[in-house]
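Q: In order, the protein sequence lines correspond to chains P and U. The first sequence maps to residues 1 to 327 in the UniProt record's numbering. The second sequence maps to residues 1 to 166 in the UniProt record's numbering.
FYI, nobody ran anything at the bench for these hints, they're computed from the structure. A couple of the hints might just be wrong.
[Unchecked claim] Calculated lysine to any residue pairs in the SDA-like style (CA-CA distance at most 25 Å, straight line):
(1) K51(P) - Q119(U)
(2) K51(P) - T90(U)
(3) K51(P) - W11(U)
(4) K51(P) - G101(U)
(5) K51(P) - V140(U)
(6) K80(P) - L71(U)
(7) K51(P) - D109(U)
(8) K80(P) - V120(U)
(9) K80(P) - P56(U)
(10) K51(P) - G88(U)
(11) K51(P) - T146(U)
(12) K51(P) - R72(P)
(13) K80(P) - G115(U)
(14) K51(P) - N87(U)
(15) K80(P) - V79(U)
(16) K51(P) - R148(U)
(17) K51(P) - T34(U)
(18) K51(P) - D5(U)
(19) K51(P) - D68(U)
(20) K80(P) - E77(U)
(21) K51(P) - I112(U)
(22) K51(P) - G70(U)
(23) K51(P) - R102(U)
(24) K80(P) - D81(U)
(25) K51(P) - E16(U)
(26) K265(P) - R160(P)
(27) K80(P) - Q119(U)
(28) K178(P) - H146(P)
(29) K51(P) - V79(U)
(30) K51(P) - R118(U)
(31) K51(P) - E77(U)
(32) K80(P) - R72(U)
(33) K51(P) - V120(U)
(34) K51(P) - D113(U)
(35) K80(P) - K265(P)
(36) K51(P) - R116(U)
(37) K51(P) - I18(U)
These figures come from a predicted structure and were not determined experimentally.
Next come the chains, spelled out residue by residue.
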Amino acid sequence: MSRAASASNRHGDLRNLLSIADLGPDIAAGIDEVMTLADSFVEVSERANPKVPALRGRTVVSLFFEDSTRTRLSFETAAKRLSADVMNFSVNTSSVKKGESLRDTIETIEAMGVDAIVVRHASAGVPRQIAQWATSAVINAGDGWHEHPTQALLDCYTIRQRLGDLAGRHIAIVGDIKHSRVARSNIAAFTALGAEVTVVAPPTLLPPSLEGWPVKVSHDLDAVLPTVDVCYLLRMQRERMHEALIPSLREYTALFGLTEARASKLADHALIMHPGPMNRGVEIAAQVADHPNAVIIDQVRNGVAVRMAVLFLLLGSGTAWGGDLDA
Amino acid sequence: MSAEDMQRATWRMAHEIIERNHGLDDVVLIGLQTGGIPLAARLAEALAKIEGVEVPTGCVDVAFYRDDIGLRPVLPEAVTDIPGDLNGRTVVLVDDVLFTGRTIRAALDALIDHGRARQVQLAVMIDRGHRELPIRPDFVGKNLPTRRDEAVDVNDEGVDLGEMVK
Chain P
1 MSRAASASNR HGDLRNLLSI ADLGPDIAAG IDEVMTLADS FVEVSERANP KVPALRGRTV
61 VSLFFEDSTR TRLSFETAAK RLSADVMNFS VNTSSVKKGE SLRDTIETIE AMGVDAIVVR
121 HASAGVPRQI AQWATSAVIN AGDGWHEHPT QALLDCYTIR QRLGDLAGRH IAIVGDIKHS
181 RVARSNIAAF TALGAEVTVV APPTLLPPSL EGWPVKVSHD LDAVLPTVDV CYLLRMQRER
241 MHEALIPSLR EYTALFGLTE ARASKLADHA LIMHPGPMNR GVEIAAQVAD HPNAVIIDQV
301 RNGVAVRMAV LFLLLGSGTA WGGDLDA
Chain U
1 MSAEDMQRAT WRMAHEIIER NHGLDDVVLI GLQTGGIPLA ARLAEALAKI EGVEVPTGCV
61 DVAFYRDDIG LRPVLPEAVT DIPGDLNGRT VVLVDDVLFT GRTIRAALDA LIDHGRARQV
121 QLAVMIDRGH RELPIRPDFV GKNLPTRRDE AVDVNDEGVD LGEMVK
């Protein structure tokens, strides 16, 4: 009873998951709660019939205003394995194209009776805006450069699975920090769990100011590599770069790509991670992506279990409305 | 009920399990999280001493199968651990207290997801009555008539009957 009973206190009124900070006030305890719950869903995922009836009769809508294959598929798989019904709102074929406002779209979806809305949008803050209008739970599946909290949770889970506790670990996040919602969520989550984070990037791919960020900064990947437990590579997001921030991809690869030569500088236990989709040959060499310490496929696999945990926490566990577990 | 009484009841139930199944071939003990785990371990120990057979023992958490999800807070206490395939096995579900029967209903659903057992039997230390579903135990440590609002606590020292904490 102890673990479960304290959960309601930890989350208080966790109704939406818009950012890692929503897991507070004790963020580390909130992340631990999700990871412990994910352990149960990993067991479910390994069964011949990987499905439980926990969210029967609940409806989850995926509302993606931006292209995504893996995140959408991961959320939909998670919802289906919990026996929830999944509605897929495809923006490209919807009335959004006819000029419907976001608010009208949300009101229309909610009128059909849904329990959770999974949102991805190119603009930061859209999920929070939707959460203010909606009565259903809102989960941020990535908003602009802001946050992608479930990615950070599955990354924490994958690291813990391979290396144990994150406290005291040194994690390098390499690449386009400026445009990366994955970096923002991961920095919040990793540091909350007691890891030390170094961001490695050319100055043009860093935010204008890193003041207040609990990270170290380096422009020299070769110097950082031997000291890290995790080398987390970000995708070069060409679609978000509207200005010439790097001279060329080839030059980026020469200085910041994880080539085979660079990968050999990593400690034997050090993990290589990437949120996908990878640009093989740009931020990561093709051979390095298939290295035994590259856990990129584990990240995808764990993503389903972690998203099941998030959906169950918000829709099923009852901790979301701060109830008493002993009742 | 004292700790000694519980130990005697455990041994009697172990003998009954052997008698009912004509031995322990294909028998699997599955404890319910969390109350059933210690009793399942003690039963396995008693069965090993009596028959000299190590019975596979596992545990099941029924949180995702409960019928009151959304009505009250529900979280799993531990990861389900089923020892191998249950197809064709005789499963003895083990719990500390049998009350409304709803937890056992959920456990039956959970078991079915792990294969088609040939038979499922139910062993409980305390049957306190007040069933809300057509479920009955096969092996009982003690029948203990209670009021609905009483609380039954089974622990290492024995069984306590108290007022439900409001």
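Q: None of the hints should be skipped; say for each whether it holds.
A: Against the structure, the hints come out as follows:
1. K51(P) - Q119(U): Holds, because 23 Å separates the two Cα atoms, which is no more than 25 Å.
2. K51(P) - T90(U): holds (23 Å)
3. K51(P) - W11(U): With Cα atoms ~37 Å apart, K51(P) and W11(U) exceed 25 Å; violated.
4. K51(P) - G101(U): OK: K51(P) and G101(U) at ~23 Å, within 25 Å.
5. K51(P) - V140(U): At roughly 32 Å apart (the allowed maximum being 25 Å), V140(U) and K51(P) break the hint.
6. K80(P) - L71(U): holds (21 Å)
7. K51(P) - D109(U): Judged against 25 Å, a Cα distance of about 12 Å means the pair holds.
8. K80(P) - V120(U): violated (28 Å)
9. K80(P) - P56(U): violated (32 Å)
10. K51(P) - G88(U): Holds, at about 21 Å.
11. K51(P) - T146(U): violated (37 Å)
12. K51(P) - R72(P): holds (18 Å)
13. K80(P) - G115(U): Holds, because 20 Å separates the two Cα atoms, which is no more than 25 Å.
14. K51(P) - N87(U): The given pair, whose Cα atoms are some 18 Å apart, holds under the 25 Å limit.
15. K80(P) - V79(U): It holds: about 20 Å lies between the C-alpha atoms, which stays within 25 Å.
16. K51(P) - R148(U): Roughly 34 Å between the alpha carbons, so the hint for K51(P) and R148(U) is violated.
17. K51(P) - T34(U): Holds: K51(P) and T34(U) sit about 22 Å apart, inside 25 Å.
18. K51(P) - D5(U): Violated, because 41 Å separates the two Cα atoms, which is more than 25 Å.
19. K51(P) - D68(U): This hinted pair holds, its Cα atoms lying about 18 Å apart.
20. K80(P) - E77(U): holds (23 Å)
21. K51(P) - I112(U): Cα-Cα ~12 Å, so holds.
22. K51(P) - G70(U): holds (18 Å)
23. K51(P) - R102(U): holds (20 Å)
24. K80(P) - D81(U): holds (22 Å)
25. K51(P) - E16(U): violated (35 Å)
26. K265(P) - R160(P): The given pair, whose Cα atoms are some 22 Å apart, holds under the 25 Å limit.
27. K80(P) - Q119(U): violated (30 Å)
28. K178(P) - H146(P): holds (10 Å)
29. K51(P) - V79(U): holds (15 Å)
30. K51(P) - R118(U): holds (22 Å)
31. K51(P) - E77(U): holds (19 Å)
32. K80(P) - R72(U): holds (22 Å)
33. K51(P) - V120(U): With Cα atoms ~21 Å apart, K51(P) and V120(U) stay inside 25 Å; holds.
34. K51(P) - D113(U): holds (8 Å)
35. K80(P) - K265(P): violated (42 Å)
36. K51(P) - R116(U): holds (16 Å)
37. K51(P) - I18(U): violated (34 Å)
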